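Given the coordinates of chain B, assemble chain S onto it according to the supplied hints.
Top line first, the protein sequences correspond to chains B and S. For the first sequence, the tail end lands on 304 under my numbering, and the numbers increase by one without skipping. For the second sequence, the tail end lands on 1277 under my numbering, and the numbers increase by one without skipping.
Be aware that one or more of the hints could be misleading.
Okay, the calculated beta carbon distance ranges per label pair [as the list claims (entries may be wrong)]:
#: 1; chain 1: B; residue 1: Gly40; chain 2: S; residue 2: Thr1095; range: 28 to 36 angstroms
#: 2; chain 1: S; residue 1: Val1222; chain 2: B; residue 2: Arg209; range: 57 to 65 angstroms
#: 3; chain 1: S; residue 1: Asn1035; chain 2: B; residue 2: Gly40; range: 57 to 65 angstroms
#: 4; chain 1: B; residue 1: Ala220; chain 2: S; residue 2: Arg1093; range: 56 to 64 angstroms
#: 5; chain 1: S; residue 1: Arg1272; chain 2: B; residue 2: His192; range: 30 to 38 angstroms
#: 6; chain 1: S; residue 1: Ala1261; chain 2: B; residue 2: Pro109; range: 32 to 40 angstroms
Hints were generated in silico from the structure; no laboratory data involved. As the structure is a prediction and not an experimental result, all values here were calculated from the model. Just so it is clear, CB atoms sit at the ideal spot from N, CA and C, and this is done for glycine as well.
Spelled out, the chains give:
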Amino acid sequence: MEYVLTAEGLSKRYGRFQALDGLSMHVPKGAIYGFVGKNGAGKTTLIRLICGLQRPASGAYTLYGIGSGDPRITQARRRMGAVVETPSIYSDMTAEENLRMQYDILGLPAYDGIPELLHLVGLEDAGRKKAGNFSLGMRQRLGIAVALAGDPDFLVLDEPVNGLDPQGIIEIRELILKLNRERRITVLISSHILDELSRLATHYGFLDRGRMVKEISAEALEAACRKGMRLEVTDMKALARVLDGMGVEYKVHSDRQADVFARLGISQLTLALSKEGCEVLSLQEHDESLESYFLSLVGGDSRE
Amino acid sequence: MNKLLHAGLRRLRQNRIFWVVLIAVFVLSLLNVYNSIRSWQSMTQDDYVVTLEDYFYNQAPFTGAFFAVFVSLFLGVEYSDGTIRNKLAVGCRRTDVYLSNFLVCLSANLLFLAVWLVCQIPGFFVIGPMEMGAGGFLSYLAVAVCFTAAFTAIFTMVSMQTSNKAFSVVFVMAVWLVLVLAASGIYDRLCEPEFQGGYAFIDGVFTMVEPTPNPLYLTGTVRTALEWLLDLLPTGQAILMADAVIEHPFREALLSLALTALVTWGGVWLFRKKDIK
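Looking at chain B on its own, in the form it has when it is part of the complex (with noise of 0.2 angstroms):
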């Protein structure tokens, strides 16, 4: 498989705290890779590694098989578009504004993409409005057009639908689908907002305490996530010797709710409840979400 992105045993630390403790991960091409972890897991320090902005005190990185500590890394990294935490952007300048800094940056030799980056983010009606006036969804989606400035086919984006409204983050979500379909670029997404997330990625890396707990692509994701039913019963002991003897797992909720993790035959279980003198009172199939598989996979304690 081809990576855009590889890290192996990258730490850094801030004083006394460890932000990365050896994390290593793999971005495939073509893929948007979700970034999942909680607050202080490590996410926006990798991303400003990458990005260049801070340094490893260990460990190394390649870009398009270039290493970290190599010289063509700067050139590696023209390739690449990035919105680290919150949008860059000049606030005193207007969108076109912005894009054509960045198009100086970049030395292009003409502003011929501006309107078509413009229209792309949606912003083309953005006028001479300055962007300390922009909303936030506004903010963010000039903040990717900046990204995308130098024609990049890698993306990385920190946090992309923090504190953005839901026609926000519908918004977001399209133009990165978008770019992923239509211009194939490999996107590096970064987020806690797990829901959102398991709309986009096609791989997934789960970080806790600087660390990789596991990369996983969607689709093994999915197999991996337990499907089972929810039910609801008069009789949980009942319940419980039915299930053991069936040599079915099965997580207690309460008294009177079980979840169930396979797929039986609804008549032959009510039946064997109904010699034990339990009842259904109600039932319903569920599959795991990403949340549930994450918690299972870094533990529920809040750490902020």
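Below, chain S without anything else, positioned relative to chain B:
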């Protein structure tokens, strides 16, 4: 580097802070020349002999404040708006980012200097030509250009190390103030007369007192070292310029260029190691 410089100059043209400082320098310079002419008229009426030099450069010590405000705000935006990340994330070298920022700020500061000097031109027509002649004027001009470069280098280094814009403004202004106080202190000590004496009022009459050595007068190595230090500090050069008492213009220009090179080298070195958020 050229691309960054081009982008930086474009930003400068559109930058509100730049235009505000430029207009402020223009207005204050005109006020200064107006006050100078009024003062000259008053002095000549009282038969005092004053020349254009006595007024022409008296704004020099304040130029550093304009440079400090502009550089800290202009570069502070790079961090507050996060736009410095756009340069680094697309592969611009840190050395190029730093040097282009320095050169853009230097261009702006030289323009402020030019506005200040051009605004003094009415003084030529009213007060008269300078006694120092064209050669003297050009040597003073060279010193002014060089201390502008030194100021810019110092303020660029401080601003590029400070990620918070408000803190950057305060810090840069504090640096300017410290440099002003240091230069003023040194200049005052160097201006101490070698002997104390003159007339004293004794027993109801003015009596000539025998001159005695002034204990505050500096001699030897200390005096030489402080003279060099005053010549080295851009604020020192500005104070000497304001009083039109620059004795070693060539030395001062060279010291400024050396200071500019040293501070810029140090600034690049620090910036290359800086963690940017």
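Here's how the hints hold up against the structure:
| no. | hint | result |
| --- | --- | --- |
| 1 | B:Gly40 <-> S:Thr1095: 28 to 36 angstroms | holds, 33 angstroms |
| 2 | S:Val1222 <-> B:Arg209: 57 to 65 angstroms | holds, 59 angstroms |
| 3 | S:Asn1035 <-> B:Gly40: 57 to 65 angstroms | holds, 59 angstroms |
| 4 | B:Ala220 <-> S:Arg1093: 56 to 64 angstroms | violated, 40 angstroms |
| 5 | S:Arg1272 <-> B:His192: 30 to 38 angstroms | holds, 32 angstroms |
| 6 | S:Ala1261 <-> B:Pro109: 32 to 40 angstroms | holds, 34 angstroms |
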